[in-house]
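Protein chains in written order, with UniProt numbering: chain A, 1 to 262; chain Y, 1 to 315.
Just so you know, the hints here were simulated from the structure itself, not pulled from any lab data.
These numbers were taken from a predicted model, which means no experiment stands behind them.
Treat the hints with caution; some may be incorrect.
With beta-carbon atoms standing in for the labels, derived distance ranges [claimed, not checked]:
| # | chain 1 | residue 1 | chain 2 | residue 2 | range |
| --- | --- | --- | --- | --- | --- |
| 1 | Y | W81 | A | A148 | 53 to 59 Å |
| 2 | A | G122 | Y | F8 | 20 to 26 Å |
| 3 | Y | M22 | A | D136 | 49 to 55 Å |
| 4 | Y | L169 | A | A191 | 54 to 60 Å |
| 5 | Y | Y277 | A | R171 | 57 to 63 Å |
| 6 | Y | Q272 | A | G122 | 49 to 55 Å |
| 7 | A | D136 | Y | L7 | 33 to 39 Å |
| 8 | A | E29 | Y | V105 | 20 to 26 Å |
| 9 | Y | G107 | A | Q67 | 32 to 38 Å |
| 10 | Y | V291 | A | F15 | 37 to 43 Å |
Idealized CB from N, CA, C, for every residue including glycine.
Take a look at the letters that make up each chain.
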Amino acid sequence: MTAPLLSIQDIGVRFGGIVALDGINIDVEPGAIHAIIGPNGAGKSTLINVVTGIYTAGQGSVTFAGQTLNRLKPHDICRLGIARTFQNTELFGEMTALENVMIGAHRSGGYGPFVAATHGFGFAAAESRMRAEAMDLLELVGIAEDAAMLAGALPFGKQRRLELARALATRPRMLLLDEPAAGLRAAEIEALNNILLDLRARRGLTILLIDHVMALVLKISDRVTVLNFGRKIAEGLPAEVRANPDVIKAYLGERAANAIAS
Amino acid sequence: MTGKTLLFAVTGIGLFFALPHMLADFQLFQVCLIAVTALIALGLTVVTGLAGQVSLAQAAFVGIGGYGAAILATRWGVPLWAGIPLSGIVAAMAGFVLGQVTLRVSGHYLALATMAVTAIVQLAFIHMDDITGGAAGMPVPSFEIGGRALTSGGELYYVIVPTTAVLFLIVGNIIRSRFGRAFAATRQSEIAVAAMGVDVLRYKALAFAGSAFLGAVGGGLLAPLASYLDPMQFGIPQSIYYMAIAVVGGLRSPAGAIIGAVVFILIPEFLQAFQSYLGLVFALLLLGFIVLWPNGLSGLIFRRPGARWWGGAAR
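Please build the complete structure, drawing on both the sequences and the hints.
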């Protein structure tokens with residue numbers, strides 16, 4: 001067994017008197033597509049926000065490629081190679097789709113403040129390289145034709161894809177996707193699945209995605225963790241998780257679980 | 001350089017050398033006044049329009065630039081041409097420190113905090129009598145360069161206008177670079193831009209530093225033009241006045257700063273008879289633009305956003 005790329009150990013988060021996460025342990029293997037599922041309010045988004053440094057956990061630790069993330073700020077965590085998307089999309093609405101992706105490529109821009117102030121030597125070349133790179137990513141997620149559209153004016157499905165392209169522009173080793181399929185139509189979910197599988201195959205990306213739509217995640221995930229009320233209630237291969245009575249109970253309620261069991 | 005920018009540059013330089021032959025000295029004085037006012041407003045284009053951080057500290061930085069350059073000259077004999085950029089750098093550092101408060105406060109509270117800074121700095125000007133001249137103010141030594149003293153608007157024109165032009169070009173260039181995009185992205189979603197690896201606090205502080213530098217250089221150039229520093233010129237009403245200029249001109253583009261400065265400097269000329277109502281006119285302008293045309297005059301003139309950098313690429 002290889003060392004996990006991302007290791008979440010005994011993470012606990014409280015908001016006032018509410019326990020959002022209670023001693024969560026999850027290991028994500030390098031190159032895996034790992035899903036975290038659970039009903040609304042299970043603590044999935046909280047977990048992603050802890051990993052990316054938006055929330056501070058009251059207990060436990062997160063390590064990525066051997067480095068502890070606990071005290072790091074969101075931008076430091078991005079620089080280590082973790083990119084994310086947001087549940088309700090957090091695009092730069094007044095910028096074009098292309099510019100949004102170019103923000104993702106900001107850190108690899110390759111010129112400094114002096115060249116920026118003078119538009120001096122190397123500026124045009126560096127800018128057109130950034131633009132080409134951003135264009136390639138828009139192509140990859142299938143919205144190249146919308147490059148010049150304002151991000152805020154794109155339909156929701158395309159905004160989700162744009163967020164994915166923007167996250168990829170930071171050149172991550174790992175992607176965290178917060179409900180990537182929410183609000184998408186069946187055909188769009190199919191396309192998203194193919195993109196994710198392709199990214200893993202061609203770029204060796206590790207993907208951690210959270211969702212409450214089981215149908216999506218069970219199809220492409222290597223491993224699934226189920227959260228409910230801030231606790232881990234099951235973990236394993238998709239087929240195992242699907243058959244787990246606790247999971248059925250969490251999703252469908254006690255009576256339904258009994259009905260299926262009997 | 002494309003043909004268009006070449007034409008633009010040639011026209012600009014031609015106009016620069018032609019104006020002194022076409023305008024009277026008083027009019028050149030007004031051109032200078034427009035230029036420094038535009039420079040001060042450009043600081044607000046950067047920090048508020050681009051980076052989205054409301055600043056009512058601009059009058060304080062203008063004061064630091066003016067007093068700094070004048071004190072350096074009278075106390076230590078530093079010529080204004082060196083004292084002005086030095087004061088600008090000091091103000092930029094102060095702006096960077098002020099920018100750190102954005103870690104804790106934003107929006108209305110940030111506006112109040114920066115307003116407090118203006119009040120405190122003005123009190124310092126009034127009460128540090130021995131170096132600032134206190135409430136009575138202090139005279140500004142003349143701008144000397146190469147053994148020549150530049151005193152009239154017509155003479156200072158050759159310093160003020162090129163300095164302003166160069167700073168506008170630099171700001172315009174930065175806006176159209178990866179750094180400008182990072183500033184604009186910070187305004188639109190701090191949480192997302194941080195997830196792209198951008199250090200949000202650092203960028204906000206840098207925006208404050210840049211606005212402070214522009215304000216202080218503007219103030220430093222304004223000092224020899226006005227020839228006297230009165231602490232009442234650097235209070236909260238002036239901070240709001242500069243904000244009004246930037247808003248009416250259009251906060252989102254460098255052109256807005258110029259347009260706003262032209263409007264606010266020239267209106268009093270055309271309203272000589274209404275001098276006592278000027279404050280009301282400015283207030284109505286500000287209110288009207290905030291409610292009806294939040295993108296300001298430049299937003300009205302250059303309809304398509306982002307058509308040109310001077311028209312609004314600072315989205």
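* Asked: Checked against the structure, which of the hints given earlier come out wrong?
  -> 1, 4 and 8
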